[in-house]
Amino acid sequence: MPEVLVVDDSKVMRDMVVACLRPYPGLAFTHASSGLEAIERLSLKPYDLIILDLNMPDIGGIEVVEFVRGQDTLRHLPIVIVTTRGDEASRTRALQAGANRFMTKPFTPEAILTEVRALLERGQG
Amino acid sequence: VSVDLADFLPAYLTEVEELLSAANAQLLALETAARQRSASPRTVRELFRALHTIKGLSAMVDVEPIVSIAHWMETALRHADQAGGRLPEASIEPMMEGLRAIEERVRQLATGAHVSEAPRGLLERLEALEGAVRGHPGQEGTSTLQLEPTLATKLSASDQEQLLAGIASGRRALRLDYVPSAERAAQGLTINTVRDRVSQLAEIVKVVPMAGASPGGGNLTFALLLLTGAEDSALLDAVGGPPATVRSIISPPPSEPTPISALFTESLAPNEEGPAVEPRRSNVLRVEVSRLDDALERLAALVVSRSKLARAVNELTKAGVQTRELVQVLQENARQLRDLRASILHLRMVRVRDVLDRLPLLIRGLRRTTGKLVRLELDVGDAELDKAVADRLLPAIVHLVRNAVDHALESPEERRAAGKLEEGVVRLACHARSGGRLELTVSDDGRGVDAAAAAARAGVPVPASSSELLDLLCRPGLSTRASANATSGRGMGMDIVKRITVDQLGGELSLDTKPGQGTTFSLCVPLTITIVDAFVFECAALRYAVAVSAVEEIIDVDTARLVRPPGLANGGMTLVERRGQAVPLVPLERLLQRESGREGPGPKAFVVRQRGAPMAFAVDKLLGQQEIVLRTLEDPLVKVPGVAGATDLGDGLPTLVLDLPALGTARGGASRMEFVPQRGGEA
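Chains B and V, in that order, give the protein sequences.
The first sequence: position 73 = 72 (this note's numbering), numbered continuously.
In this note's numbering, each residue's number is its place in the second sequence (first place is 1) plus 2.
Since the hints were made in silico from the structure, they are not lab data.
The model shown is predicted, which means the values in this text are computed figures rather than measured ones.
Hints may be right or wrong, so weigh each one.
Per the computed footprint, the stretches of chain B lying under chain V, defined by three or more beta-carbons under 8 Å from a beta-carbon of chain V, are [stated by the list, open to error]:
hint: 1; segment: 6-16
hint: 2; segment: 31-45
hint: 3; segment: 89-102
No farther apart than 20 Å at their CA atoms in a straight line, the calculated lysine to aspartate or glutamate pairs in the EDC-like style are these [unchecked claim]:
hint: 4; chain 1: B; residue 1: Lys44; chain 2: V; residue 2: Glu185
hint: 5; chain 1: B; residue 1: Lys10; chain 2: V; residue 2: Glu20
hint: 6; chain 1: V; residue 1: Lys156; chain 2: B; residue 2: Glu65
hint: 7; chain 1: B; residue 1: Lys10; chain 2: V; residue 2: Asp198
hint: 8; chain 1: V; residue 1: Lys208; chain 2: V; residue 2: Glu185
hint: 9; chain 1: B; residue 1: Lys104; chain 2: V; residue 2: Glu601
hint: 10; chain 1: V; residue 1: Lys623; chain 2: V; residue 2: Glu540
hint: 11; chain 1: B; residue 1: Lys10; chain 2: V; residue 2: Asp9
hint: 12; chain 1: V; residue 1: Lys516; chain 2: V; residue 2: Glu601
hint: 13; chain 1: B; residue 1: Lys10; chain 2: V; residue 2: Glu19
Every residue, glycine too, gets a C-beta built ideally from N, C-alpha and C.
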């Protein structure tokens, strides 16, 4: 069962992301309310995909991407960044740091589902 | 499966309201900083993040006007951040307007109204802020901190400044290493809880995650960079003890005083940034009040089945069965139910401090419109109130604060002439009272209430006591000023304050005023109230309410279908046909001993269940359905089966809330109530 880590300091946003991905069969979701919590969770247990907000206190999404890509075990973890209009500069930085995809709010449930499906199923079959 | 993000609207509203309330406080903090020409990089970033989150969430639920406003506010803050955390004073007002405009649209969304477009003029003003704050280069961090290179690269210039300023103010700069593990997570110790605990003891400047083998066998260490006066041992305890470590990050150690001034570039003042204004920290679960009410309702059902059980056990006991153990279990069960009820009620408690978090903003506005100098003092501690009470009480408090600034406080010149400080004080304080009550006082150090002038205005003798004076002030329509003005002339007078406090919440209102020294209003209110969804109806020219949950159906009484069976089989009771079934129909006014002045029963009837059988009560007119505050009657004279309590429907007059399922069920089917409700004789 693929495990997805949803990282956002807004609970409503995490709930929305999970609701959007519910139609994908067999996904298990873990919430993290901060970049630090995400890094802690990633050190304790493997995940198959991470959905990451850029704008968080203490440690933003970019720092999480940099940290994740600096780890041998996490080098290939698919990362979907959730951004908002106005984040263009950060988007470039996140891309350089090694994020895989971007979703810009507002996005439709179908759009994020498609991206997640593509990332989870790549290299399979 | 289709997903509709519009379903998230209620959750969106709660979260955005919280963010806005934090944003208001942050912007006020930035205003103070702007006046003092100091930088507040952290607050700028926090406000930026709040608006960014609002923008993103609003985009998801498709509220474009809020997205636009938040976008331009955020842009201005981005530039303020680049300018080292300085938002110019001229930007504060448009930003305030921006928050107001977002709040207005959030309210529209909440009430299901159409969301207005973002005001063009406001957007242009906000957009013009861009660039205005450019050109102030950020402070160069003069790093004399002895940090490992890996850590040093993770600290921004403002993080380093913050550390240096903290050291200058006499605190220790420490690095506390916390190593997470699965075992600790299982015990509830995670970086989030660590962060919460440590922030009780220290100011957290930065948390840096560091990969690589860590003591204790993990592969991750969090380095928390702190400013603190706390003991090492306390810090280590907070993160669960070893393998955590703590050490100083500066050298020489602070015990050998460094010439601090040498560490700073010219304009950097120590401790320039006040305590961070953060949104209420997580670890808090937001729940819609209706869900708690739902839980309470289920609990009520549980209480009913318990009393059935108790009755059944009672019967068994009477029949000679050994029930001692059962009775014990029942007693225990009763206690558990009481505890459960108390904990559910406790969930509805909100902190008075949080309820009042808009007051600083109100005072700020009043300062501007009245030109008076005024300071707000909040002394509310950790007092809590039921959300239902708090929501009703807030308008009364806002009114009292408005009045205090507007009428009670003198102008700076008058105050100086009277030998007072130019700046007046409005003070709010809370004290818990016995009997589940909370006393809230609103005081000012203004001119005091002029009893003679108030009496002259109302054309009555000068009141002899403060309670008589209060009664006079609470007369509808009485204003202590000849003309209502912009701030207090909003159609709400002391009469409403009294109605909310006394009539609606069942509390007490009192007044203490001393000429030339000030006035204190005390509001003593119950900590919790019972809210009931009720039908309001008219019967024999009086209004009553009945809980919606008690009513099975409301039917039209068709006089053509009434049956009055001959003989005494039904005690002469009329029957009404309801879906092929004959249901006893009682004109409600008969039970209430009122004259309807009409032949036969009223045209509407409430069908309720009495001992499992349907029973219809005919009334004159259904007036509507609304939430009411149920006040149970404590007067022994009116302890009558069939009356749940009284309520105030907003007219200041008590309205009886009937318990129809219990009304008239005493032997004989139609016992009468022994009293006639008084309808506000003195009003």
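Hint-by-hint comparison with the structure:
1. 6-16: Result for this restraint: holds, n = 7.
2. 31-45: holds (count 9)
3. 89-102: Three-residue rule not met by the segment 89-102 of chain B, so violated; n is 0.
4. B:Lys44 - V:Glu185: 12 Å, holds
5. B:Lys10 - V:Glu20: Holds, at about 12 Å.
6. V:Lys156 - B:Glu65: 12 Å, holds
7. B:Lys10 - V:Asp198: 18 Å, holds
8. V:Lys208 - V:Glu185: 25 Å, violated
9. B:Lys104 - V:Glu601: 66 Å, violated
10. V:Lys623 - V:Glu540: Judged against 20 Å, a Cα distance of about 5 Å means the pair holds.
11. B:Lys10 - V:Asp9: Given that 20 Å is the threshold and the Cα spacing comes to 14 Å, the pair holds.
12. V:Lys516 - V:Glu601: 60 Å, violated
13. B:Lys10 - V:Glu19: 13 Å, holds
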